[in-house]
Amino acid sequence: MTTQNFPLWEVFIRSRNGLAHKHVGSLHAADPTMALQAARDLYTRRGEGLSIWVVPSNAIIASDPADKGMMFEPAASKIYRHPTFYDVPDEIGHM
Amino acid sequence: MAAAMITVAETPLVRYALARADDALILGHRLSEWCGHAPMMEEDMALANIGLDLIGQARALYGYAAEVEAAGNDEDRYAYLRDVRQYRNLLLVEQPNGDFARTILRQFFYSAFADPYWRAMMGSTDPSLAAIAAKSEKESAYHLRHSAEWVIRLGDGTDESHARAQAAVEELWPYTGEAFLPDEAERGLIAEGVVIDPESLRDIWSTTVAAVLAEATLATPPTGWSQRGGRDGRHSEHLGHLLSELQVLQRSYPGAKW
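Protein chains in written order, with my numbering: chain A, -13 to 81; chain B, 114 to 371.
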C-alpha cells in the first residue's frame, strides 16, 4: 500500500471546553472517517483532546508568502491600534 | 542459566483471569510486531495504540489473577515464565500477522467478540472484574470501529485488496468459534454470575460480522466446525515461536530489569 494517492488532511484539536480548536498537524488518509480515526491515534495519545476536526488540506486558502509586505507591513506602523499605546489616567484604576 | 517455568495454582477464577489476560497479551504482542512495518505511518501508530490497550488489559487481568492466586506470582512471572501449554489464549489471537488484511480481519473478529463481552461483564458480581471490563469496553469499542472500517475499505477496495481480505476471512474463520465455548472451569463461575456465558454473544457477533462483511462485499463463510484447544493449552505451532521472542530476555537473564 502506498500513501501517495491518499489526500492530506489538517488536524485541529480542542483540548478543553471553551477553548478554540487549534491546528496540531497533518496526516494522510483515504477518506474523512479514516482521517478522523488517524487523527485520534496520532494526536490524542496523551489525553490532549475533547474534540477533533479534520479538514482536507486543499480546502484551505492560504496567503502567499511573497505578499508579506503588502499584507502585513502596513499594520506594523499603526501602533495606536494596541491598547498599550494609550496612557490610562491614574484615577481610572484597573480597567 | 535459564529461568525455570513457574507453577500456577489454577482455581477456576485464576484460570479464567489468566485466559482473558493471555488473549489480550498475545494479540497485543502480535500487533507490536507491526511497529515500524505497517503500510503507512498513520496505521503504524493505530496498530501500536491498539496493542498498548490490549497489553494494558492483560496487565490488569494478570494483576487480578496474582491477587486471587496469592502464591507470589505476578504479571511478569505469568507472562515470561509460563510455557506454551500453560497459556490459555484463543487460537485466533496467536495466528501470525500475515498481510495487512489478515491482521485487520483477526482484529475485527476478536473485537466483535471482545466489545460486547466486556460490556456484558460490566455487570459481573466481582467488582474487580467489573472494573476491568468497564475500562476494556471503551478500548474494545474503538478497536471494533477501527478494524471494521478497514475491513470495509479492503473488501470494497481494489481487486487485490478484496482478494486478500476474502482469503483472510476464510483462513481465520475456523478459529472464530472458540471464543463462544466456555471451558469446564468457567461454567461454575457463570452459574455464580461472576462471568457471563460467552455462548450468549454468538448472535450479536454473527450479526456484526455479517453486516460488516456484506458492506465490504466479502462472502461470509457458513458456520461450521471450529478449531479449539487454546483454553486447554493446546496451541498451534505459532505460539511457541511467539513466546520464544516474548520471553527470551527473562529466560536468559532471570529477573533482569531496565
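Treat the hints with caution; some may be incorrect.
With beta-carbon atoms standing in for the labels, derived distance ranges [to be verified]:
(1) A:Leu(-6) x B:Gly211: 26 to 32 Å
(2) B:Thr120 x A:Pro18: 50 to 56 Å
(3) A:Ala52 x B:Val361: 41 to 47 Å
(4) B:Gly342 x A:Gly11: 42 to 48 Å
(5) B:Arg258 x A:Lys54: 23 to 29 Å
The hints are simulated quantities; they were obtained by calculation from the structure and are not laboratory data.
Since the structure is predicted, the reported quantities are computational estimates derived from the model, not experimental observations.
Ideal Cβ positions, reconstructed from N, Cα and C, are used throughout, including at glycine.
Each hint tested on the structure:
1. A:Leu(-6) x B:Gly211: 26 to 32 Å: holds, 30 Å
2. B:Thr120 x A:Pro18: 50 to 56 Å: holds, 53 Å
3. A:Ala52 x B:Val361: 41 to 47 Å: violated, 58 Å
4. B:Gly342 x A:Gly11: 42 to 48 Å: holds, 46 Å
5. B:Arg258 x A:Lys54: 23 to 29 Å: violated, 44 Å
Hints 3, 5 from the earlier list are contradicted by this structure; the remaining hints agree with it.
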